[in-house]
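Protein chains in written order, with the working numbering: chain A, 1 to 353; chain B, 1 to 353.
Keep in mind that a hint or two might mislead.
Identical copies go unnamed one by one, so any copy, or any two together, can satisfy a pair.
Said to hold, decoys possible - For lysine-lysine, the following DSS-like pairs were computed, each having C-alpha atoms within a straight-line distance of at most 25 Å:
#, residue 1, residue 2
1, Lys154, Lys30
2, Lys30, Lys50
3, Lys154, Lys50
4, Lys226, Lys30
5, Lys310, Lys154
6, Lys310, Lys50
7, Lys214, Lys30
8, Lys321, Lys308
9, Lys189, Lys214
10, Lys50, Lys189
11, Lys30, Lys307
12, Lys263, Lys231
13, Lys307, Lys214
14, Lys193, Lys305
15, Lys305, Lys24
Read the hints as simulated data drawn from the structure, not as lab findings.
2 protein chains.
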Amino acid sequence: MLENKNNRTELRDLGEFGLIEQIKSRTELKNAGSVKGIGDDAAVIDCGGKLCVVSTDMLVEGVHFDLAYCPLRHLGYKAVVVNLSDIFAMNAVPQQITVSIGVSNRFSLEAIEAFYEGVYLACEHYEVDLVGGDTSSSAGGFIISVTAIGYAEKDQLVYRDTAAEHDLICVTGDLGAAYLGLQVLEREKSVYKDNPRIQPDLSGYDYIIERQLKPEARWDIIERLKENGIKPTSMIDISDGLASELIHICRASGTGCAIYEDKIPVDPATHSAAADFNLNATVCALSGGEDYELLFTVKLADLEKIKKIKDISLIGHITEKAQGMFMVTDAGASVQLTAQGWDAFLNKGDPRE
Amino acid sequence: MLENKNNRTELRDLGEFGLIEQIKSRTELKNAGSVKGIGDDAAVIDCGGKLCVVSTDMLVEGVHFDLAYCPLRHLGYKAVVVNLSDIFAMNAVPQQITVSIGVSNRFSLEAIEAFYEGVYLACEHYEVDLVGGDTSSSAGGFIISVTAIGYAEKDQLVYRDTAAEHDLICVTGDLGAAYLGLQVLEREKSVYKDNPRIQPDLSGYDYIIERQLKPEARWDIIERLKENGIKPTSMIDISDGLASELIHICRASGTGCAIYEDKIPVDPATHSAAADFNLNATVCALSGGEDYELLFTVKLADLEKIKKIKDISLIGHITEKAQGMFMVTDAGASVQLTAQGWDAFLNKGDPRE
Numbered sequence: 001m002l003e004n005k006n007n008r009t010e011l012r013d014l015g016e017f018g019l020i021e022q023i024k025s026r027t028e029l030k031n032a033g034s035v036k037g038i039g040d041d042a043a044v045i046d047c048g049g050k051l052c053v054v055s056t057d058m059l060v061e062g063v064h065f066d067l068a069y070c071p072l073r074h075l076g077y078k079a080v081v082v083n084l085s086d087i088f089a090m091n092a093v094p095q096q097i098t099v100s101i102g103v104s105n106r107f108s109l110e111a112i113e114a115f116y117e118g119v120y121l122a123c124e125h126y127e128v129d130l131v132g133g134d135t136s137s138s139a140g141g142f143i144i145s146v147t148a149i150g151y152a153e154k155d156q157l158v159y160r161d162t163a164a165e166h167d168l169i170c171v172t173g174d175l176g177a178a179y180l181g182l183q184v185l186e187r188e189k190s191v192y193k194d195n196p197r198i199q200p201d202l203s204g205y206d207y208i209i210e211r212q213l214k215p216e217a218r219w220d221i222i223e224r225l226k227e228n229g230i231k232p233t234s235m236i237d238i239s240d241g242l243a244s245e246l247i248h249i250c251r252a253s254g255t256g257c258a259i260y261e262d263k264i265p266v267d268p269a270t271h272s273a274a275a276d277f278n279l280n281a282t283v284c285a286l287s288g289g290e291d292y293e294l295l296f297t298v299k300l301a302d303l304e305k306i307k308k309i310k311d312i313s314l315i316g317h318i319t320e321k322a323q324g325m326f327m328v329t330d331a332g333a334s335v336q337l338t339a340q341g342w343d344a345f346l347n348k349g350d351p352r353e
Numbered sequence: 001m002l003e004n005k006n007n008r009t010e011l012r013d014l015g016e017f018g019l020i021e022q023i024k025s026r027t028e029l030k031n032a033g034s035v036k037g038i039g040d041d042a043a044v045i046d047c048g049g050k051l052c053v054v055s056t057d058m059l060v061e062g063v064h065f066d067l068a069y070c071p072l073r074h075l076g077y078k079a080v081v082v083n084l085s086d087i088f089a090m091n092a093v094p095q096q097i098t099v100s101i102g103v104s105n106r107f108s109l110e111a112i113e114a115f116y117e118g119v120y121l122a123c124e125h126y127e128v129d130l131v132g133g134d135t136s137s138s139a140g141g142f143i144i145s146v147t148a149i150g151y152a153e154k155d156q157l158v159y160r161d162t163a164a165e166h167d168l169i170c171v172t173g174d175l176g177a178a179y180l181g182l183q184v185l186e187r188e189k190s191v192y193k194d195n196p197r198i199q200p201d202l203s204g205y206d207y208i209i210e211r212q213l214k215p216e217a218r219w220d221i222i223e224r225l226k227e228n229g230i231k232p233t234s235m236i237d238i239s240d241g242l243a244s245e246l247i248h249i250c251r252a253s254g255t256g257c258a259i260y261e262d263k264i265p266v267d268p269a270t271h272s273a274a275a276d277f278n279l280n281a282t283v284c285a286l287s288g289g290e291d292y293e294l295l296f297t298v299k300l301a302d303l304e305k306i307k308k309i310k311d312i313s314l315i316g317h318i319t320e321k322a323q324g325m326f327m328v329t330d331a332g333a334s335v336q337l338t339a340q341g342w343d344a345f346l347n348k349g350d351p352r353e
């Protein structure tokens with residue numbers, strides 16, 4: 001039934017974004033309440049009062065996480081945070097989540113409780129309520145599906161398709177650390193596999209490992225933007241790497257962009273780990289993914305206001321579409337941005353130099 | 001990390017409902033908008049206008065469906081319908097869904113398209129919009145997570161914990177067919193496995209197979225109850241078998257119940273298939289599951305109004321708690337109802353006589 005070899009298109013040839021485009025092309029919103037469907041960080045629904053913002057993510061063991069080094073408590077926390085990050089990226093405030101899990105009999109009640117410890121902790125930290133979900137068995141492995149629901153006043157929502165020429169491009173925090181944290185964890189796992197008597201050597205990698213295992217969503221930035229009277233012109237969260245997300249904004253908005261390598265925020269610990277792994281830190285920031293920082297654009301007129309907010313870096317500006325999407329390197333060269341971010345149907349691209 | 005054998009509680013000892021109780025006991029709703037959390041067919045959220053109703057389900061290949069006999073198109077349709085059924089069971093109207101899938105490289109684009117064909121068809125039939133989701137790879141097998149969102153006026157919502165003594169117990173349609181449809185499909189699969197040259201013999205089983213592969217949610221009943229000015233006193237959809245759902249209502253409402261075997265609606269095709277399989281049709285109706293009919297209670301005063309609506313059967317009445325939960329058999333005996341419905345962590349109980 002599935003395997004008509006003569007008429008078979010491999011998903012990896014299409015890629016995740018290709019598949020999403022396919023699905024989107026067939027959907028048509030008919031209900032008046034469906035404001036925004038597939039194609040942003042979250043869907044937007046008008047239920048009579050504020051606008052309701054809905055985002056959902058699926059996490060699969062062996063694809064998105066490895067329980068060899070990801071404690072279940074951290075996994076529960078991260079599963080919630082990555083969804084809340086999508087809600088913040090709409091400039092909305094999350095209020096409820098549902099959490100569904102599928103688990104095989106490899107997992108005990110104690111294991112599930114450890115997972116939910118993390119879920120509850122995230123709920124407490126981000127002031128959201130766990131209101132529902134589903135529990136299922138799975139043929140093998142741990143499967144998680146989280147849906148987050150948030151709210152915003154109609155005029156407060158920020159989409160990804162509304163950047164305009166001359167807007168400033170901003171990112172929060174620093175980038176590339178989560179990807180390098182993953183490399184450290186993967187390395188120590190394979191060392192341990194080869195020789196279980198060798199203790200994992202994670203010293204000096206605390207920051208990047210924490211960025212991988214326990215990311216935070218940038219609620220604080222959303223709050224500070226509001227306090228300072230700034231409404232971004234477009235926004236997206238960085239789950240697949242800076243390059244991929246910036247391309248999303250530019251394509252959706254019909255613009256180009258120019259960013260500067262020396263402006264991309266990279267933590268010293270990330271630089272140092274990148275050197276250890278013979279990786280280029282900028283490439284990790286552009287293509288590594290899982291940073292869960294915010295990428296947004298603001299009007300040029302907001303420049304002075306933005307500068308006052310801590311932990312935001314200005315990395316470039318939006319150009320007209322014809323100018324393309326470029327990064328000016330430290331050496332002064334202009335290189336075209338390519339989306340080498342995480343693709344759910346490919347192995348992660350290897351950002352070696 | 002997972003396998004502390006000395007302090008390990010098996011999930012199968014706890015069961016799905018036990019696990020849900022554990023999760024629920026730790027959740028506390030803090031946001032004013034969170035009206036109802038875990039413990040009904042759907043969560044209820046107040047977002048300023050109407051009430052918003054959210055339900056989510058996870059379906060896992062090898063646990064909830066078998067692609068050997070479940071066409072992907074039907075699977076897409078069913079995955080949507082089972083979620084919409086939960087929304088109707090709140091007396092709400094679904095408007096949006098999100099669909100997340102995890103697929104291995106066993107699946108081609110054409111296979112995914114077939115699945116979404118079914119999703120789109122259900123969207124069209126039930127007038128809901130597909131507004132989002134996630135696409136992921138999986139280590140093996142097909143994983144589906146659907147979230148449905150519906151709306152109702154505050155005074156229209158119907159919960160499961162509000163049945164009262166003397167209320168009439170009603171069910172829609174007929175029960176047990178989907179379970180017997182599954183038995184036919186399983187039998188033909190094993191025959192085919194033993195001898196691939198034998199063609200599957202599904203003749204005479206059309207109705208029960210359709211009930212298994214392409215269930216419908218009872219939107220029509222919700223509409224007719226409204227038209228006739230009836231608001232159920234409690235309601236739940238029948239996904240795990242009549243007995244299990246009735247026990248949910250009674251436990252949540254703090255009541256007992258008495259139902260009559262001869263009043264339980266069973267289609268002649270179900271009776272006939274039950275005989276072929278040497279099964280008791282009543283047991284299939286009580287414990288089979290996947291009927292997606294509605295079980296609800298109404299005030300005694302609504303008796304005449306209810307009788308006018310086609311496709312609703314009165315099967316008994318709510319009693320005080322002390323009287324327990326009983327079924328009066330055709331032979332006149334009183335038997336206690338037990339929840340032998342589908343348990344996600346157990347194999348399905350075998351309802352042989």
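Hint check results:
no. : hint             : result
1   : Lys154 to Lys30  : both (20 Å within a copy, 24 Å between copies)
2   : Lys30 to Lys50   : both (20 Å within a copy, 19 Å between copies)
3   : Lys154 to Lys50  : both (7 Å within a copy, 16 Å between copies)
4   : Lys226 to Lys30  : between (33 Å within a copy, 23 Å between copies)
5   : Lys310 to Lys154 : neither (27 Å within a copy, 43 Å between copies)
6   : Lys310 to Lys50  : neither (30 Å within a copy, 39 Å between copies)
7   : Lys214 to Lys30  : between (39 Å within a copy, 24 Å between copies)
8   : Lys321 to Lys308 : neither (30 Å within a copy, 64 Å between copies)
9   : Lys189 to Lys214 : within (18 Å within a copy, 46 Å between copies)
10  : Lys50 to Lys189  : neither (47 Å within a copy, 51 Å between copies)
11  : Lys30 to Lys307  : neither (43 Å within a copy, 35 Å between copies)
12  : Lys263 to Lys231 : within (22 Å within a copy, 62 Å between copies)
13  : Lys307 to Lys214 : neither (28 Å within a copy, 58 Å between copies)
14  : Lys193 to Lys305 : neither (51 Å within a copy, 70 Å between copies)
15  : Lys305 to Lys24  : neither (37 Å within a copy, 44 Å between copies)
The structure fails to meet hints 5, 6, 8, 10, 11, 13, 14 and 15 from the earlier list, while all remaining hints are met.
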